[in-house]
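*Asks:* Protein sequences appear in the order of chains F and S. Counting in this note's numbering, the first sequence runs from 172 upward without gaps. Counting in this note's numbering, the second sequence runs from 335 upward without gaps.
Watch out, some of these pointers could steer you wrong.
As a list, the in silico EDC-like pairs of lysine to aspartate or glutamate whose alpha-carbon atoms are at most 16 angstroms apart [to be verified]:
(1) Lys289/F - Asp409/S
(2) Lys493/F - Asp536/F
(3) Lys266/F - Asp384/S
(4) Lys266/F - Glu401/S
(5) Lys389/S - Glu287/F
Hints listed in this document are in silico derivations from the structure and should not be mistaken for laboratory results.
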Amino acid sequence: MSNVRVLVGTKKGAFILTADGKREKWEVSGPHFGGWEIYHVKGSSVDPNRLYASQSSGWFGQIIQRSDDGGKTWNPPGGGPTASPDGMPKGESNKFVYEGAVGTHLWYDGTQHPWEFKRVWHLEPSLTDPNTVYAGVEDAALFRTTDGGKTWHELSALRSAKGNLWQPGAGGMGLHTILLDPKNPDRIFVAISAAGVFRTEDGGKSWKPATRGLNLTYELPDKSSEVGHCVHRIAMHPSRPNVLFMQKHWDVNRSDDGGESWHEVSGNLPSDFGFPIDVHAHEPNTIYVVPIKSDAEHYPPDAKLRVYRSRTGGDEWEPLTKGLPQSDCYVNILRDAMAVDSLDTCGIYFGTTGGQVYASADSGDNWKPIVRDLPPVLSVEVQTLL
Amino acid sequence: MIRVELPFHLRNLAHVEREVTVEVEGPVTVRSVLDALEVRYPVLAGTIRDHGTQKRRPFLRFYACEEDLSNEPPDTLLSEDVVSGKEPFSIIAAIAGG
Numbered sequence: 172m173s174n175v176r177v178l179v180g181t182k183k184g185a186f187i188l189t190a191d192g193k194r195e196k197w198e199v200s201g202p203h204f205g206g207w208e209i210y211h212v213k214g215s216s217v218d219p220n221r222l223y224a225s226q227s228s229g230w231f232g233q234i235i236q237r238s239d240d241g242g243k244t245w246n247p248p249g250g251g252p253t254a255s256p257d258g259m260p261k262g263e264s265n266k267f268v269y270e271g272a273v274g275t276h277l278w279y280d281g282t283q284h285p286w287e288f289k290r291v292w293h294l295e296p297s298l299t300d301p302n303t304v305y306a307g308v309e310d311a312a313l314f315r316t317t318d319g320g321k322t323w324h325e326l327s328a329l330r331s332a333k334g335n336l337w338q339p340g341a342g343g344m345g346l347h348t349i350l351l352d353p354k355n356p357d358r359i360f361v362a363i364s365a366a367g368v369f370r371t372e373d374g375g376k377s378w379k380p381a382t383r384g385l386n387l388t389y390e391l392p393d394k395s396s397e398v399g400h401c402v403h404r405i406a407m408h409p410s411r412p413n414v415l416f417m418q419k420h421w422d423v424n425r426s427d428d429g430g431e432s433w434h435e436v437s438g439n440l441p442s443d444f445g446f447p448i449d450v451h452a453h454e455p456n457t458i459y460v461v462p463i464k465s466d467a468e469h470y471p472p473d474a475k476l477r478v479y480r481s482r483t484g485g486d487e488w489e490p491l492t493k494g495l496p497q498s499d500c501y502v503n504i505l506r507d508a509m510a511v512d513s514l515d516t517c518g519i520y521f522g523t524t525g526g527q528v529y530a531s532a533d534s535g536d537n538w539k540p541i542v543r544d545l546p547p548v549l550s551v552e553v554q555t556l557l
Numbered sequence: 335m336i337r338v339e340l341p342f343h344l345r346n347l348a349h350v351e352r353e354v355t356v357e358v359e360g361p362v363t364v365r366s367v368l369d370a371l372e373v374r375y376p377v378l379a380g381t382i383r384d385h386g387t388q389k390r391r392p393f394l395r396f397y398a399c400e401e402d403l404s405n406e407p408p409d410t411l412l413s414e415d416v417v418s419g420k421e422p423f424s425i426i427a428a429i430a431g432g
């Protein structure tokens with residue numbers, strides 16, 4: 172019998188929700204790291220009991236936590252809380268230091284501003300090695316560990332891709348999406364708030380902006396700008412890594428050539444503003460978004476919480492409403508707060524800033540809340556345990 | 335033996351009580367006390383001072399003997415009462431934000 176483990180990061184701790192394959196009865200454990208902001212928790216697909224968590228606070232900075240037993244116990248990698256038995260230098264697992272000269276990026280007043288590390292937004296474990304993990308951070312950069320989180324090193328060539336022109340938006344200049352190509356280990360896509368999408372074909376040695384075709388209305392005066400695009404999220408199906416889907420600040424977009432070019436597929440959505448986008452586990456052309464009214468009003472149109480599904484890879488969308496609040500709903504769904512499981516009837520999950528985590532065990536037709544009253548949800552990941 | 339008081343979240347992180355003690359060799363300063371603390375509790379490195387700049391994190395304060403030492407140069411000598419263990423060196427999480 173398969174099980175499902177949902178990893179939820181919130182503004183005040185992490186929660187782990189578990190159920191069997193029916194996904195009807197749920198157990199909730201947590202909060203883990205109570206009182207800390209947990210931007211992201213994700214497990215290794217190679218070793219599902221290996222979990223990584225990004226724990227941070229405005230007071231104490233960044234902590235990386237690791238679990239080797241599916242979330243029952245946690246420790247900072249490299250020696251635990253009080254000792255460093257393997258001789259690791261102090262606090263190395265929490266240390267994210269930009270490689271070489273720190274460099275500068277564009278600041279709000281048009282001047283150049285030094286990069287300053289703030290937090291890890293997203294952790295993406297390797298598809299082949301549980302000890303290798305990529306970390307997307309604010310101010311935007313990509314780090315990697317190859318020793319299970321004990322030490323982190325920047326893939327600094329990314330910031331050479333016109334990094335001097337990147338400028339933070341109101342939510343911070345965070346690297347929030349990391350897509351690893353399952354068919355080509357040298358190809359990685361990353362997305363950065365208010366900067367855009369970037370692609371490497373050589374394992375991170377060099378990067379190029381991958382933003383051609385994106386609509387720039389209301390964002391950038393120069394229609395040829397390669398950077399400065401406020402990308403909220405990108406997604407791919409592992410069987411089809413050349414096809415990418417994007418929820419941009421405004422517009423939902425699709426690329427059929429590995430990010431070389433994009434075209435809009437917002438179609439009949441009631442609003443094409445939103446944050447998350449995800450792909451069905453077994454239907455590469457079925458995608459999900461949660462429209463939000465506007466960038467000035469971060470809540471659903473008409474106060475109705477609706478997931479929209481397209482079975483045609485975009486353009487034609489249907490609202491999914493059964494079990495979701497259809498009046499007086501003013502929550503938001505953040506960019507990392509949607510995920511899918513890979514059971515036969517694909518499960519879809521998302522968390523809200525109101526603290527609900529909703530699940531559908533039938534590809535989005537019917538929804539139920541797993542929990543209703545968590546702190547604001549920052550991220551949701553799902554593990555399908557066989 | 336220097337007594338160091340830690341705020342709630344750092345106590346939990348290091349799995350210790352409110353107060354810990356550290357040995358400091360040589361002059362007892364803010365820097366040497368924090369260095370000794372981080373050697374004994376490696377997980378605290380970077381949580382009190384920035385990894386790169388070694389500057390105090392903005393929402394933490396350092397108090398001792400009813401004085402705010404937060405903005406003193408890190409090599410300022412601490413008072414005899416802290417050195418003797420009569421008074422603790424307190425790391426305070428500022429009341430700020432949510």
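*Asks:* Please go over all the hints and tell whether each is borne out by the structure.
*Replies:* Verification of the hints:
| no. | hint | verdict |
| --- | --- | --- |
| 1 | Lys289/F - Asp409/S | violated (26 angstroms) |
| 2 | Lys493/F - Asp536/F | holds (7 angstroms) |
| 3 | Lys266/F - Asp384/S | holds (9 angstroms) |
| 4 | Lys266/F - Glu401/S | violated (31 angstroms) |
| 5 | Lys389/S - Glu287/F | holds (13 angstroms) |
Violated hints, in rising order: 1, 4; the structure is consistent with all others.
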